[in-house]
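Assemble chain U onto chain V, guided by the hints.
For the record, the sequence lines run as chains V and U.
Each residue of the first sequence is one higher than the one before, starting from 884 at the first, in the numbering used here.
Each residue of the second sequence is one higher than the one before, starting from 18 at the first, in the numbering used here.
Honestly, the hints are just simulated from the structure, not real lab data.
Fair warning: this is a prediction, and the values are worked out from it, not measured in the lab.
Among the hints, a few may not be true.
[As the list claims (entries may be wrong)] Result set (DSS-like, lysine-lysine): computed pairs, CA atoms no more than 25 Å apart in a straight line:
(1) U:K101 - V:K1088
(2) U:K258 - V:K1088
(3) U:K348 - U:K379
(4) U:K101 - V:K1000
(5) V:K1008 - U:K313
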Amino acid sequence: MKIKSLKSKILLYFILFTAIPLIVSATVILYNMYQSKIESVFHKHYQILKQIEQESDKLVNEVEHIGLFIKQNYVNKNPITLNELTTIQKNISTILILNNNGILKDFGSVIKTDTFKGYDYSNMKYFLAIKNGKKDYWSETYLSQVTHQPAISYTLRINKNTIAVLIINLDSLNNLANKFQDEQGFSIIRILDKNGIFLAHPEQKKFVLQRKNILNSDIYKKYMKKDMKYQQIIFNGYGDIDNIGIYGVTKKLNWYIIIKESSDFLFNTFNKLMWFIILFILVLIIISIFFSIKLSKSILKPVDMVRSNMNKIAHGKFVKNIDKTNYKELDILVSNFLLMQNKINDREQMLKTFNDQLEQKVEEKTKQLSQTNEELQESKYNLQILNENLESKIIDEVKKNTDKEKLLAQQSKMASMGEMLENIAHQWRQPLSVISTASSGIKIQKEFGLSSEEKEMKILDTITTTAEHLSKTIDDFRDFFKTNKEKNIYNITKSYQKTINILESKFKNKNIEIIENIEDIDIYGLEGEFIQVMMNILNNARDILDDKEYRKLIFIDIVKNDNNAIFTVKDNGGGIPEHIINKIFDPYFTTKHQSQGTGIGLYMSEEKVCKHMNGSLEVQNVKLTYDNIDYKGACFTITLPLTTNKG
Amino acid sequence: MSKYKYILILPIMFFSLMFTACNKKNEEINIGLVVGLSGKYSSLGTSIRDGFVLAFDEINNKIGDKRVNIIQKDDQQDKNKAKKIIKYFIEKDIKLVVGNATSSMTAVSLPLINKQKDMLMISATSSSDDFSAIDDNFLRIQVEHSDKRYQSLLNFVKTNKYQKIFFIYDSKNYKYAKGYENIFQNMFINSGGEKFVGKADLNSPYENITKKLKATKHDLILVIGNSIDSASIIQYLRIHKIDTQILGSGWAKTMDFIENGGRSVEGVLFSTGYDDHSKDKKFTQFIKNFKAKYNKTPSVFSAQGYELGQILIKNLQKSSDISTLKQRILKTKKFEGLQGDIIFDKYGDVFREYFIMQVQNKEYIKVNTKD
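This is chain V alone, in the form it adopts within the complex:
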């Protein structure tokens, strides 16, 4: 929205409220004056028109009366003097008396004529009209051979053989028009025949003599052709002068009567008056504008004062005293404003103080923030360094871990090897002792001559059998150390048997009984690793039962359950203490003496079952009843998925 000046607006309203009524009233006055002038002109023109029509018809009637008079008085024997008649009757210029054949018998004229008695006018329209039976006849305008001038004639039969032609003196029509023009001052009068040819033109009589017509004039084309008679009309006249007027048609001969006045002339006085009024109004408007400005100034002065003070305040300059105006309302406004100014001032001060404090606080906070930011930057730097160190540490740790795992694997392998060697040694000790005993027996018998071939053969058979047993043992160990890491379908039961074969002598040596519940199950996986796990668990069971004084039992279950093969090893060794049961799969955790255990067997077994065979290795303490005796022991369960299919 456009911002306007209140002052200008008030001033504008003042001016408009004074100027508009003046202009409107002046316009209304002028319009009414114009209308009344137009109407008065119309009435005047109408009156003149009607009078001229009457006069014209009167003139025509007079001519007809003269015709009648001639008819009644003209006789050849005692003729009235036609010249005298034309002299008396100003409306008639010439009288022709024709016989029945159109031959001029007599004539009289006030003007010099160029005719002679005996002239034949039988071809004239007026004669032909009467000859054709008309009682009388009014001609149109024609060039008369008699007068050498345009003429209008009235023809009538005055007796059986005589016809009178009365040629109108067109001057009388001109005089008639002239008379009214003189009487009416500025009104201009024209009389025309029904064909628009001038019969009277007071100013330009030559137009009558020239038989000039108005057929191309504005008035004829605009109004007369459209039969708009007796209406006020405005048209261009001769010489492009604007005219206002009226026209009518005479009753008798349909002559046109035009009354007109020059618009300029007609409205000359009116225009002068109009200009005077316009000037007067302009002066009034100027005066009103002057007083409007004065008035608005006097009203707006205190407003200006208030505005000026506000302006100063707006620009930070406070005013202590404000001058009083002469207006109560404005003074109240001013005093209120002063009050407001003071309050604003107080508030300003308060605000300034508050602002200062605020600024100080902001400054402090900014400083703190800046400091914190610096610290943060430093921390960030330290963190970055720490991060970098951590990364290298992690890498180191991962490396260490990997190394450790490698070490573990190596240690596990070495432990297994150790155990295996122990097993081999154990396994081989007796057969070797047998072989040694047998061979030394033979030797002693040979020395003492006690030997016989039969005895020797028996001893040699024993040696052979024992050696074969040793050989078989080697096959079993070889399976154990198979390095083939490719998965294959193998039979768990057979794998178990191989394991037992290796461990059997130890178990027997320790009087450990093995109670088996075995199903025949094929499974897809790494047989070697499974044997190592079984061996580890069975060795642990053997170790735990080693020093037990009661009947030593190991229960082996190999069963199918759903899609799993479950291998369970339970012993009656008393179970694993509850506080360590959760730690037995941790690396380097062992309850054995340092010379007996490394603490990595179960860790590696769990790793192998879980990671290499996708199975699980769990332990729990269980209660057992065998031969009606209750035992407590540990139960290791290996659960392997039965995926015999390679796919």
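Relative to the frame of chain V, chain U by itself:
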């Protein structure tokens, strides 16, 4: 800015309007028409005027966007008046003048016109041979007095074996009359005829003319005058028992002649180039239009005035430059008239076939001259 814009625009608009209004006044073609409009010579003049005005009325007095003003002046067959009028036209810078109707008046006007470089006078009816074969500021659509023009008349006179011709003429238009006196008379003599047996001024008392005629043996009276005078003298001669065959001039051949001549003019002969009963479509249409406007029958002079108007309109429509108008008309050479073509020669004279007409039963009837 908007306030100032209006302050600027309003005066510009005002002055533009003023300029246009002032210019509009200049956008006019003013044609001066000078003929005899009053008195006994006015039958010819008013006829020409009515025909000429009708032609322009049919185009609403507008050529292109220019208004055509016809300034009518009456020379009253008066030399001083004619001079005054031409001076008035010169003063008013009216370059194109139509007139005069009679040769005598044209002879007065033309020297004044010829002094002006860019003025052109074009006449509908002036036929004097005085204006022939001159490269001046004059054109006409009336056939000049020449051997060709009089040939048909001569043939007629010879065929009818007229020998003694009495010559009555209007001294006020002697330029026209002398065409008959010189050219026709010489042709007549050259073809075995006699010199005119007598001559009389139409403006002299009829009584004297009658006496002269009665005193002179003659078999043909040649009356060279306007329609009113011709009708009047013929009436007078017939009253006084002079029944000799009369040959009128084309100048008098209007309806006024028949109306004012009565039975006295029956049988009067005319040598003319216009047939009142022509069935030419253009002519019949013209008659219709003329009657509609003026409520009267046109004479052949109205037809000539109309033809002249048509020629001017056609040329002014191409250009309103008057200084080149004559050249342009002569270049075009051929124009369609109401009764056949109007052909200009290099000097602006025209030729039209002439024939004999006779007043028979109040009408002009073409006479077969071949017999």
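**Prompt:** Does the structure break any of the earlier hints, and which numbers would those be?
**Reply:** 2, 3, 4
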